[in-house]
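Join the two chains, each given in its own frame, into one complex according to the hints.
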Amino acid sequence: GAVVSQHPSWVICKSGTSVKIECRSLDFQATTMFWYRQFPKQSLMLMATSNEGSKATYEQGVEKDKFLINHASLTLSTLTVTSAHPEDSSFYICSARESASYNSPLHFGNGTRLTVT
Amino acid sequence: SQQGEEDPQALSIQEGENATMNCSYKTSINNLQWYRQNSGRGLVHLILIRSNEREKHSGRLRVTLDTSKKSSSLLITASRAADTASYFCATLPNAGTALIFGKGTTLSVSS
Numbered sequence: 001g002a003v004v005s006q007h008p009s010w011v012i013c014k015s016g017t018s019v020k021i022e023c024r025s026l027d028f029q030a031t032t033m034f035w036y037r038q039f040p041k042q043s044l045m046l047m048a049t050s051n052e053g054s055k056a057t058y059e060q061g062v063e064k065d066k067f068l069i070n071h072a073s074l075t076l077s078t079l080t081v082t083s084a085h086p087e088d089s090s091f092y093i094c095s096a097r098e099s100a101s102y103n104s105p106l107h108f109g110n111g112t113r114l115t116v117t
Numbered sequence: 001s002q003q004g005e006e007d008p009q010a011l012s013i014q015e016g017e018n019a020t021m022n023c024s025y026k027t028s029i030n031n032l033q034w035y036r037q038n039s040g041r042g043l044v045h046l047i048l049i050r051s052n053e054r055e056k057h058s059g060r061l062r063v064t065l066d067t068s069k070k071s072s073s074l075l076i077t078a079s080r081a082a083d084t085a086s087y088f089c090a091t092l093p094n095a096g097t098a099l100i101f102g103k104g105t106t107l108s109v110s111s
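Going down the list, the protein sequences come from chains A and B. Residues 1 to 117 (the numbering used here) make up the first sequence, in order. Residues 1 to 111 (the numbering used here) make up the second sequence, in order.
With the rest of the complex left out, here is chain B (with noise of 0.2 Å):
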């Protein structure tokens, strides 16, 4: 099954621009997380945000999450080259042990 929804599907920027993405979802959570994922390889965790959190920060990351609108967004500021990748959100419903995975943002950063 497939919860998360995220806005848009493709996003491309120059170096040095923040991108943003949005990821929409249907249930009660436990908490929201991020991943990246370079293409053909695993997922890597970036950012976990509790469902009693509003805002978390590491580094050039920042995700906000509103429980009421069932809505999170990441922000990654002063984008590089480097950070071109495809970008997931992913839940764990509270009645659930598994991560549900949104459809993920293509991320285009170019030099």
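Next up, chain A with everything else stripped away, as it sits in the complex (with noise of 0.2 Å):
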């Protein structure tokens, strides 16, 4: 089956430093993927969709220049969360379908768990 392997599983860094999360698609080629970000009990939240080749679709109130997406290969896209705070410190998932059909399913990573110090 379609696999998305997430790194790092958690993360814990100061304040004011940035922290990359990578998102692969181990056996099949994504060229949409998905980053979502979910607060403890709390549902999943979209924060952008990742297109491989250009610029991310960013959803509103949710700051471009601070989560930086690169999605430079149709297996890896990258978030970046820049000048973290703790208020940054949530639960990260990304996720990909597998084939370009809307009626697919999402594949999840297992998601990073950030904590800014």
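Hints in this document: simulated from the structure, not taken from any laboratory. A couple of the hints might just be wrong.
Below, computed lysine-lysine pairings styled on DSSO-like, alpha-carbon distance capped at 30 Å [as the list claims (entries may be wrong)]: (1) LYS64/A - LYS103/B; (2) LYS55/A - LYS20/A; (3) LYS66/A - LYS14/A; (4) LYS56/B - LYS41/A; (5) LYS55/A - LYS103/B; (6) LYS103/B - LYS41/A; (7) LYS41/A - LYS70/B; (8) LYS14/A - LYS64/A.
Put into structure tokens, the structure is as follows:
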């Protein structure tokens, strides 16, 4: 089955530093990947849609200069949280569709737990 | 943005009982999907139902969709302790490309 690998699974960083999270599709190509954020015991909030070879599409209220997304290849998208602050602490999850059909499910990475101290 | 609302927010049952979770949404959709999340992990796809379908089965799972009421239900039959997890419905709006998730139902199955 389709596998999405996300790394790291957890990271602790100091306030003001930047953190990069990688999302890889291991056995399929993903022209589009989706980045979600999840607060404890809450739902997933879509942050942005990452498009291979072009700029990401950000949801309203998500700062594009704060959350940098790069989708340089068909199997890799990265999310960089720049100048992290404690309020950025959250669970970040990426996902991708195995096929271009909208009637195919999303495959999720295992998420990255970010703690900013 | 959030589209779905699950009901109930939390559900506790005994092994062997059935669990029913409901989801309501607001806009016209292409399809509706149900996902499961174990604590601190990513989501696992359970079942997808298209807007022109009314019911779908997969093993112990049964999903219904009522587009006139903009609602869906997930039934897990003969529940097991291993079914303990959070369950989310997600909709693909007609005009969108990304899934929009509901708030989820936390299911606890005790043995």
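Status of the hints after comparison with the structure:
1. Taking the CA atoms of LYS64/A and LYS103/B, the gap is about 25 Å. The hint holds against a cut of 30 Å.
2. Proposed proximity of LYS55/A and LYS20/A is supported: the alpha carbons are some 17 Å apart, at most 30 Å.
3. About 16 Å separates the Cα atoms of LYS66/A and LYS14/A, which keeps this hinted pair within 30 Å; it holds.
4. A threshold of 30 Å between alpha carbons decides the hint, and for LYS56/B with LYS41/A the separation of about 28 Å falls inside it, so the pair holds.
5. Taking the CA atoms of LYS55/A and LYS103/B, the gap is about 29 Å. The hint holds against a cut of 30 Å.
6. Pair hint LYS103/B plus LYS41/A holds up; C-alpha atoms about 9 Å apart against a cutoff of 30 Å.
7. At roughly 25 Å between alpha-carbon atoms, LYS41/A and LYS70/B fall within 30 Å of each other, so this suggested pair holds.
8. For the suggested pair LYS14/A and LYS64/A, the alpha carbons sit about 21 Å apart, so the restraint of at most 30 Å is met.
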